[in-house]
Amino acid sequence: KAGVTQTPRYLIKTRGQQVTLSCSPISGHRSVSWYQQTPGQGLQFLFEYFSETQRNKGNFPGRFSGRQFSNSRSEMNVSTLELGDSALYLCASSPGQGTADTQYFGPGTRLTVL
Amino acid sequence: AQSVTQLGSHVSVSEGALVLLRCNYSSSVPPYLFWYVQYPNQGLQLLLKYTTGATLVKGINGFEAEFKKSETSFHLTKPSAHMSDAAEYFCAVRSSGGYQKVTFGTGTKLQVIP
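Taken in sequence, the protein lines are chains X and A. Under my numbering, residues 1 to 114 are what the first sequence spells out, in order. Under my numbering, residues 1 to 114 are what the second sequence spells out, in order.
It is worth saying that the hints were derived from the structure and are not from the lab. Since we're looking at a predicted model, the values are computed, not measured. Treat the hints with caution; some may be incorrect.
Claimed, not checked - For the chain X half of the interface with chain A, some residues (derived, Cβ under 10 Å), not all of them:
hint, residue
1, Gln-6
2, Arg-30
3, Ser-33
4, Gly-42
5, Pro-107
6, Arg-110
Stated by the list, open to error - With a straight-line Cα cutoff of 25 Å, these simulated DSS-like cross-link-like pairs (lysine-lysine) come out:
hint, chain 1, residue 1, chain 2, residue 2
7, A, Lys-68, A, Lys-109
8, A, Lys-58, A, Lys-68
9, A, Lys-109, A, Lys-58
10, A, Lys-69, X, Lys-1
11, A, Lys-49, A, Lys-109
12, X, Lys-57, A, Lys-68
13, A, Lys-49, X, Lys-57
14, A, Lys-101, A, Lys-68
15, X, Lys-1, A, Lys-49
16, A, Lys-49, A, Lys-69
17, A, Lys-49, A, Lys-68
18, A, Lys-101, A, Lys-49
What the hints assert, rightly or not - These stretches of chain A come out as covered by chain X in the derived footprint (C-beta under 8 Å, 3 or more residues):
hint, segment
19, 11-19
20, 71-83
21, 86-95
Built from N, CA and C at the ideal position, the CB exists for glycine as well.
Construct all of the structure, not just a fragment, from the sequences and the given hints.
Shown next as structure tokens:
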């Protein structure tokens with residue numbers, strides 16, 4: 001099976017712009033989670049989707065949003081980019097809604113905001 | 001509420017020496033515990049997880065961890081370090097029941113000295 005794929009892998013944007021990141025989960029997986037990873041804050045949970053419904057949300061401002069499609073693919077959007085949004089954004093998929101399920105991570109999208 | 005603390009942001013061991021990475025957790029309900037490894041410019045890969053049952057969990061690449069409820073710990077060990085073990089390791093907790101998010105520790109960078 002193909003792993004979790006994230007596109008694009010690298011992105012450079014300027015302050016004030018918006019960006020959309022994409023995540024394709026492992027085939028058959030219905031749950032997708034997003035994380036922001038920075039050297040200072042570590043891995044911070046953004047949101048989790050299951051069957052197109054947001055199940056959990058982290059403590060991020062409303063500029064960060066996401067959605068999941070019927071084929072389980074997910075996108076996250078960041079509007080009005082700030083310098084502090086520079087980070088590695090990781091997507092993880094898991095088979096169902098079980099909290100013991102293993103999360104399988106993609107390679108991430110490296111976002112640089114100038 | 002749940003949290004996880006990893007003691008030591010950097011750990012150095014000699015090749016062939018014991019690897020011990022410490023993780024303590026807090027959870028108001030029985031936890032699910034995970035250890036992930038991250039190599040540079042890659043996503044996270046699951047090493048092992050504890051859900052229920054046997055408290056000594058064996059994972060990939062010769063790693064194992066023991067769930068100690070009385071000490072609220074889930075330390076990761078490997079008897080003999082290899083150069084290829086140099087990476088960053090993350091402990092994570094997810095409370096059982098409900099739709100709790102995964103909380104990650106701040107990570108421990110393992111350096112293996114030849």
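Results for each hint:
Given hint, Gln-6(X) at the interface with chain A, holds; its Cβ is 8 Å from that chain's nearest Cβ, closer than 10 Å. Because the closest C-beta pair between Arg-30(X) and chain A is about 13 Å apart, greater than 10 Å, the hint is violated. Look at Ser-33(X): its Cβ gets to within about 7 Å of chain A, closer than 10 Å, so that hint holds up. Residue-level restraint check for Gly-42(X) holds (minimum Cβ-Cβ distance to chain A is 5 Å; threshold 10 Å).
For Pro-107(X), the suggested interface contact is upheld, since its CB lies about 5 Å from the closest CB of chain A, less than 10 Å. Checking Arg-110(X) against chain A by beta carbon gives a least distance of about 8 Å; that is within 10 Å, so the hint holds. Between Lys-68(A) and Lys-109(A), the direct Cα distance comes to roughly 23 Å. Compliance with the 25 Å bound is thereby established for this hinted pair. For the given pair, Lys-58(A) sits about 15 Å from Lys-68(A) by alpha-carbon distance, which is consistent with the 25 Å threshold.
Note on Lys-109(A) and Lys-58(A): the hinted pairing holds, with a Cα-Cα distance of about 21 Å set against a maximum of 25 Å. For the hint linking Lys-69(A) to Lys-1(X), the alpha-carbon distance of about 36 Å lies beyond 25 Å, and the restraint is violated. For the given pair, Lys-49(A) sits about 19 Å from Lys-109(A) by alpha-carbon distance, which is consistent with the 25 Å threshold. Between Lys-57(X) and Lys-68(A), the direct Cα distance comes to roughly 30 Å. Violation of the 25 Å bound is thereby established for this hinted pair.
At roughly 23 Å between alpha-carbon atoms, Lys-49(A) and Lys-57(X) fall within 25 Å of each other, so this suggested pair holds. Taking the CA atoms of Lys-101(A) and Lys-68(A), the gap is near 22 Å; set against the 25 Å cutoff, the hint holds. Between Lys-1(X) and Lys-49(A) the alpha-carbon distance is near 21 Å, which keeps this suggested pair within the 25 Å criterion. Pair hint Lys-49(A) plus Lys-69(A) holds up; C-alpha atoms about 15 Å apart against a cutoff of 25 Å.
Taking the CA atoms of Lys-49(A) and Lys-68(A), the gap is about 13 Å. The hint holds against a cut of 25 Å. Restraint check for Lys-101(A) and Lys-49(A): the C-alpha separation of about 16 Å stays at or below 25 Å, so the hint holds. Restraint check on the segment 11-19 of chain A versus chain X: 0 residues with Cβ-Cβ distances below 8 Å, three needed, restraint violated. Residues of the segment 71-83 of chain A with a Cβ under 8 Å from some Cβ of chain X number 0, which does not satisfy the need for three, so the listed coverage is violated.
Chain X is given as covering the segment 86-95 of chain A, and this holds because 3 residues of the stretch bring a CB closer than 8 Å to a CB of that chain, at least three being needed.
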